[in-house]
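Asks: Build out the structure end to end from the sequences listed, making use of the hints.
2 protein chains.
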Amino acid sequence: ADVAKGRAKAVQCQACHGMDGVAKIPEAPNLAGQNEDYLVKALKDFKSGARQNDMMSLVAKPLSEDDIANLAAFYHSLGR
Amino acid sequence: ADVAKGRAKAVQCQACHGMDGVAKIPEAPNLAGQNEDYLVKALKDFKSGARQNDMMSLVAKPLSEDDIANLAAFYHSLGR
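Top to bottom, those sequences are chains A and B. Numbering follows the working numbering, in which position 22 of the first sequence is assigned residue number 22; successive positions increment by one, without gaps. Numbering follows the working numbering, in which position 6 of the second sequence is assigned residue number 6; successive positions increment by one, without gaps.
Just so you know, these hints were derived from the structure itself, not from any lab. Take these hints with a grain of salt, some might be off.
Simulated crosslink set (DSSO-like; lysine-lysine; CA at most 30 Å straight-line) [claimed, not checked]: (1) A:Lys47 / B:Lys41; (2) A:Lys5 / B:Lys5; (3) B:Lys44 / B:Lys9; (4) A:Lys44 / B:Lys44; (5) B:Lys61 / A:Lys44; (6) B:Lys44 / A:Lys24; (7) B:Lys44 / A:Lys47; (8) B:Lys61 / B:Lys47; (9) B:Lys41 / B:Lys24; (10) A:Lys9 / B:Lys41; (11) B:Lys41 / B:Lys61; (12) A:Lys44 / A:Lys61; (13) A:Lys61 / B:Lys41; (14) B:Lys24 / A:Lys24; (15) A:Lys5 / A:Lys44; (16) B:Lys9 / A:Lys24; (17) A:Lys9 / A:Lys44; (18) B:Lys41 / B:Lys5; (19) B:Lys24 / A:Lys44; (20) A:Lys41 / B:Lys9; (21) B:Lys61 / B:Lys44; (22) A:Lys9 / B:Lys24; (23) A:Lys41 / B:Lys24; (24) A:Lys47 / A:Lys9; (25) A:Lys24 / A:Lys61; (26) B:Lys24 / A:Lys5; (27) B:Lys47 / A:Lys44; (28) A:Lys61 / B:Lys9; (29) A:Lys61 / B:Lys47; (30) B:Lys9 / B:Lys61.
Replies: Here's what the structure looks like:
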């Protein structure tokens with residue numbers, strides 16, 4: 001996974017989750033330092049529909065496997 | 001919500017999420033300082049079945065509304 005590519009892709013996540021991984025709205029989770037395996041599973045589940053959320057189901061749909069790995073690596077890399 | 005009651009209830013969460021809110025297994029998320037609204041929704045969704053996870057679907061089922069509020073307040077209170 002490529003943290004730099006994850007950071008670039010995270011521009012579309014920042015309104016809710018921040019580029020610092022600290023959520024900007026109360027209903028979104030903080031992601032900074034979150035476990036990478038957990039983040040990969042969350043994005044895959046939103047993409048597949050196994051997990052549902054109005055916003056996340058929409059934005060996760062077009063993500064590739066690489067996008068998901070890179071985003072998870074980036075948010076994990078921010079540390080807690 | 002009652003943080004002390006949440007701490008007491010969290011004894012059943014600690015194997016995976018820790019009493020410090022730092023996950024003890026890679027597939028579980030860190031919860032320390034997580035947004036309270038997000039944690040309440042996660043537990044309600046696991047309880048209702050809207051969100052599925054082998055472990056969480058099982059352990060969330062018997063939680064009362066108060067348990068959920070107290071657990072969310074406790075893990076939020078730990079800070080990031």
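Asks: Checked against the structure, which of the hints given earlier come out wrong?
Replies: 2 and 28
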